[in-house]
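Here are the chains, one letter per residue:
Number of protein chains: 2
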Amino acid sequence: MPALNEDQLDLFRATNYGVVATLGPDGAPQTTIVWVHEEDGRPVFNTTNARAKGQNLKRDGRLSILVWNKDDPYRYVAVDGVAELEQDADTTHMHAMSQKYTGKDWHRPGDRLIVRVTPRRIYDYNDD
Amino acid sequence: MPALNEDQLDLFRATNYGVVATLGPDGAPQTTIVWVHEEDGRPVFNTTNARAKGQNLKRDGRLSILVWNKDDPYRYVAVDGVAELEQDADTTHMHAMSQKYTGKDWHRPGDRLIVRVTPRRIYDYNDD
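Protein sequences appear in the order of chains L and B.
Count along the first sequence from 1, then add 1107; that gives the number in this note's numbering.
Count along the second sequence from 1, then add 1107; that gives the number in this note's numbering.
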């Protein structure tokens, strides 16, 4: 299993945005923007059980998550990997993600899901 | 076939960036950042025959392309669709893309590919 280096993890630690690609029922890719972070070297984000992303990942855990420096899209990392899903009991995790990006607790109720990504392949782009 | 509206096409016309998700040999998603534009209502980008993206699309033309407002990532559109590939003879198309984003012709030689996307599903996000 490849490991993200500190420079790559910093992209996930900052208030950058990520695009997550998952697979629909027919195996075609779908994309959305998510808030991101990292835990113990793994990319992490939060979604809902109701959304396509959550449904897709329960069916097929393979995904790709790309995070770019919000001040410089010519600096990004894409991580292809496999999702590990955990229920976000009491929305604790989503509140923490919302605090990171907005300084406030999350404002919408919902049955949320923590997604942690075990990397299989790391693509590092830095056009300086 | 769903059609992109003018507001969505404007995201592709501006100097915004896109993330393209394609399928690897095993059907797992891969993501990269691309320059984008539109032609006759279809998203368009440019890649090389040598890169994974080009190889992936020749094998399986299904993709998702997401473009966000570079000043506001809470405004984006994701288009799931099918790629139509054309050889970029003389790099004419890539020069035009480079002119749009850098004001200069493209500087690297290479066997390039124009990718036009026929939309199957459009996801519009606008968190205002």
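No lab work stands behind these hints: they were computed from the structure.
For clarity, every value in this text was computed on a predicted model and none was experimentally measured.
Don't take every hint at face value.
A pair counts as met if it fits within one copy or between any two copies, since identical chains are not told apart.
[Stated by the list, open to error] Heads up, simulated EDC-like pairs for lysine to aspartate or glutamate below, C-alpha to C-alpha not over 20 Å straight-line:
(1) LYS1211 - ASP1234
(2) LYS1211 - ASP1231
(3) LYS1207 - ASP1133
(4) LYS1207 - ASP1234
(5) LYS1211 - ASP1179
(6) LYS1207 - ASP1167
(7) LYS1211 - ASP1167
(8) LYS1207 - ASP1197
(9) LYS1165 - ASP1178
(10) LYS1177 - ASP1234
(11) LYS1211 - GLU1193
(12) LYS1211 - ASP1197
(13) LYS1165 - ASP1218
(14) LYS1165 - ASP1133
(15) LYS1177 - ASP1218
(16) LYS1211 - ASP1117
(17) LYS1165 - ASP1179
(18) LYS1211 - ASP1147
(19) LYS1211 - GLU1113
Against the structure, the hints:
1. LYS1211 - ASP1234: The answer is between: 16 Å across copies meets 20 Å, while 35 Å in one copy does not.
2. LYS1211 - ASP1231: So LYS1211 and ASP1231 fail the 20 Å test inside a copy (32 Å) and across (25 Å) alike.
3. LYS1207 - ASP1133: neither (35 Å within a copy, 35 Å between copies)
4. LYS1207 - ASP1234: This pair counts as between: shortest inter-copy Cα distance 18 Å, intra-copy 28 Å.
5. LYS1211 - ASP1179: between (26 Å within a copy, 19 Å between copies)
6. LYS1207 - ASP1167: neither (29 Å within a copy, 38 Å between copies)
7. LYS1211 - ASP1167: Answer is neither: 32 Å inside a copy and 43 Å across each miss the 20 Å cutoff.
8. LYS1207 - ASP1197: within (17 Å within a copy, 47 Å between copies)
9. LYS1165 - ASP1178: Intra 33 Å, inter 33 Å, cutoff 20 Å: neither.
10. LYS1177 - ASP1234: both (14 Å within a copy, 18 Å between copies)
11. LYS1211 - GLU1193: neither (23 Å within a copy, 48 Å between copies)
12. LYS1211 - ASP1197: For LYS1211 and ASP1197, the Cα distance is within 20 Å only inside one copy (16 Å; across copies 52 Å).
13. LYS1165 - ASP1218: within (14 Å within a copy, 39 Å between copies)
14. LYS1165 - ASP1133: Both ways: LYS1165 and ASP1133 sit 14 Å apart in one copy and 18 Å across, limit 20 Å.
15. LYS1177 - ASP1218: neither (29 Å within a copy, 30 Å between copies)
16. LYS1211 - ASP1117: neither (22 Å within a copy, 32 Å between copies)
17. LYS1165 - ASP1179: neither (33 Å within a copy, 30 Å between copies)
18. LYS1211 - ASP1147: Classified as neither: same-chain Cα gap 24 Å, cross-chain 42 Å, threshold 20 Å.
19. LYS1211 - GLU1113: For LYS1211 and GLU1113, the Cα distance exceeds 20 Å both inside one copy (27 Å) and across copies (34 Å).
Of the numbered hints stated above, those contradicted by the structure are hints 2, 3, 6, 7, 9, 11, 15, 16, 17, 18, 19, listed in ascending order.
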